[in-house]
Amino acid sequence: MTVRDQPTQVAETIAARMAVYLGPHTARIAVKTFSQRALGRGPDSLELPDVPELLAALRPMLRTLVGHSQCEIVLQRIERELGL
Amino acid sequence: MNFKRLAVLPLLAGLVPALIMLGIEVARTRQIALRVEIETVKLLGLTGSIIAARSFDRGQHLRRAWLLNGSCYGFLLLRDLLYGVWIARDSGEPSQYLETVIVLIANAGAVTGVWMLSRTLKVAGIDLPWSPLRREIVRWLGIVVGLAIAGPSLVFSIDGAMKGEVRAIVYVVSSAGDIVTLALIVPVLLTTLALRGGLLSWPWGLMTASQFGWLLYDATGTIRLFMHMEPGTATMWSEIFRALACTYCFAAGLAQRAVSAPDTGAASIPVLPKPA
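Each protein sequence line maps, in turn, to chains A and B.
The opening position of the first sequence corresponds to residue 1 in this note's numbering, with each subsequent residue numbered one higher.
The opening position of the second sequence corresponds to residue 1 in this note's numbering, with each subsequent residue numbered one higher.
To be clear, the hints were calculated from the coordinates, so they are not data collected in a lab.
Each hint should be verified, as a subset may be incorrect.
Heads up, incomplete: computed chain A residues facing chain B, CB under 8 Å, no partners named [what the hints assert, rightly or not]:
no.: 1; residue: A19
no.: 2; residue: Y21
no.: 3; residue: H25
no.: 4; residue: T33
no.: 5; residue: Q36
no.: 6; residue: L39
no.: 7; residue: V51
no.: 8; residue: V66
no.: 9; residue: I73
A few chain A positions that, by computed beta-carbon distances, are all more than 10 Å from chain B [said to hold, decoys possible]:
no.: 10; residue: Q6
no.: 11; residue: G40
no.: 12; residue: G42
no.: 13; residue: P49
no.: 14; residue: E53
Even glycine gets a Cβ: it sits at the ideal position worked out from N, Cα and C.
Bound-form chain B, shown alone (with noise of 0.2 Å):
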């Protein structure tokens, strides 16, 4: 596999909203082929997640975090078809209660699952090459820019989530999620370096740019709170984003498993001599 055209083809896929919002002039076309195009990254964002998760056996540590990752993609993506098809977000209580839900199991899936490749290293029995106290600094750093950027959304929702409204329930569980997943982002690319030279630097890399993808996604939507910008401009950043974030993850995906399947990449190793 051509793993540096595998970390490519996500910044064409998000050129794709650039292009939608940009080209398309008609709003109800345009509104419709984003969807499409939203949709179609969160299914290869779950795609990628379940092919990296079918690389390793029933049990194994990094095939339950990957699908846990997957599940956010997935959950997501059950709300987005119930509430595209099904129901209407203003048709009463249990409606909305059900988005929360459905928002708050994807977020835990999407923490739980980066929590736990973030711990990968350590579960295999190998240290990270750095000593405790630059880990510890470089983990606080990750928790300060999570808090920097989806913290402001957390302190504008949480007045209306006290008062029970559930779009800002849903937005101070999101919000958390980011916080925490974000924050995770240090130890995953943690990890990538200490990988540095392999191949599997390039799953992890790509899980890593996935990451900062969600990362710059979150950090659109606070620039929003503090900054004027065009609706138009900010929807077409968060979605190129959220774009590289999901495509991303698809090629961490197939780099996953490209490293994982047999003979793949090991076959085109040459034997090392014997030694003396």
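The shape of chain A in the complex, shown without the other chains (with noise of 0.2 Å):
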């Protein structure tokens, strides 16, 4: 990874959450992939504005592995640390 592929501290914050349950490896990979999918950019772009979206996009994925009362907690978490 070079340094501009570096992902912004809104992507860590996000995958070091997703971390908790996932993993860091798989969170990472989780922010990676759907912020291409949601946003068409990399995590090395990833700003407060795109957030809303990326958790819509994080969210049957978290479902899926945690459940649906988790996944709100966490998103919500998620949230209320990125202060929005």
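Build the complex: two chains, separate frames, hints provided.
Here it is in structure tokens:
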């Protein structure tokens, strides 16, 4: 990964919260994959205004893995941590 | 929940068949104790699957996967109940064919359940962190292991099955299901590895341990085909592995519930600092 590809702090915050459940590696992959899919950009350009769209994209994935209730808690915590 | 303790408890359950086989001298009492132990661990496997399934909403992928996995335990318990209480195996063809049908349904449930578990990351939209070539290699490795372990009993039973012997048909169905299930251990293991470092690695790791328990259970049967082993010793080992397989499934269900239940686990996680 080059310096230019470094994820932003927003991306790192989201990945860190999801890493609690998915592990650090899969959490980073998830942020990268869904950021590309939802926004057409990588985690290196992720900023606060992108977060609602990214979280909406992450919701089905989190629901599949941790269930509805825990998924909503994780997403709420991410929003809180990012001050949204 | 203390996940480490949850991982150790099945090992204690695995000691029970050994204690029964080595500690009870009267054959009839030993047989009854072993039967009670077998039905108890199957019931635990079913309970764990239902607990895990209830962590997910209706229609969700993992709810269906866990329920299908549990259906195997459910149908095997039904078979044991029917043939232990009401029906004698030698009471005629219909009763024998009924057993075949029940075993077929149980195996179909187990295979489909594990197959669905193995596809979970794909369904979630995440690629496994390995190259397609490496994944293909390990998938074939799983198939080879499955064939090596459950293949011989399939080969030994196929002649009888072709002649219409019901017992042989049951073995063929069961062995074919085992081959597929054993081959699917690898993708489940890869999912566990992908989730390492996260809370989800606990239910997935415990489920992988359950699948390895079944692998060893089948391996005991295969070893018996090629090596001389005292029947009592073979029974003891196969029951140890069955107990491990079923109770690890129970532990996996509890772990999944703990990870998915609101505020469990998450409550103790510190709030991360805001980005600059």
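Hints and how they fare:
1. Hint status for A19/A relative to chain B: holds, with the closest Cβ pair at about 6 Å, below 8 Å.
2. Taken as an interface hint, Y21/A checks out: its beta carbon lies about 5 Å from the nearest beta carbon of chain B, inside 8 Å.
3. With 8 Å as the threshold, the beta carbon of H25/A comes within range of chain B, its nearest partner Cβ sitting at about 6 Å, so the hint holds.
4. Given hint, T33/A at the interface with chain B, holds; its Cβ is 6 Å from that chain's nearest Cβ, closer than 8 Å.
5. The beta carbon of Q36/A is not positioned within 8 Å of any beta carbon in chain B (closest approach about 11 Å), and the interface hint is therefore violated.
6. With 8 Å as the threshold, the beta carbon of L39/A stays out of range of chain B, its nearest partner Cβ sitting at about 15 Å, so the hint is violated.
7. Violation of the interface hint for V51/A is found here, the shortest Cβ-Cβ separation to chain B being roughly 10 Å, above the 8 Å cut-off.
8. Against a cut-off of 8 Å between C-beta atoms, the interface hint on V66/A holds, since the closest Cβ of chain B lies about 5 Å away.
9. Because the beta carbon of I73/A sits about 5 Å from the nearest beta carbon in chain B, less than 8 Å, this interface hint is met.
10. Every CB of chain B lies more than 10 Å from the CB of Q6/A, the least distance being 13 Å, so the non-interface label holds.
11. With a minimum CB-CB distance of about 16 Å to chain B, G40/A clears the 10 Å threshold, and the non-interface call stands.
12. With a cut of 10 Å on Cβ distances, G42/A stays outside the contact zone with chain B, its closest approach being about 15 Å.
13. Non-interface status of P49/A relative to chain B is upheld: no Cβ of that chain comes within 10 Å, the nearest being about 13 Å off.
14. Against chain B, the non-interface label of E53/A holds: every CB pair exceeds 10 Å, the least being about 15 Å.
Going down the numbered hints, you'll see the structure goes against 5, 6 and 7, while the others check out.
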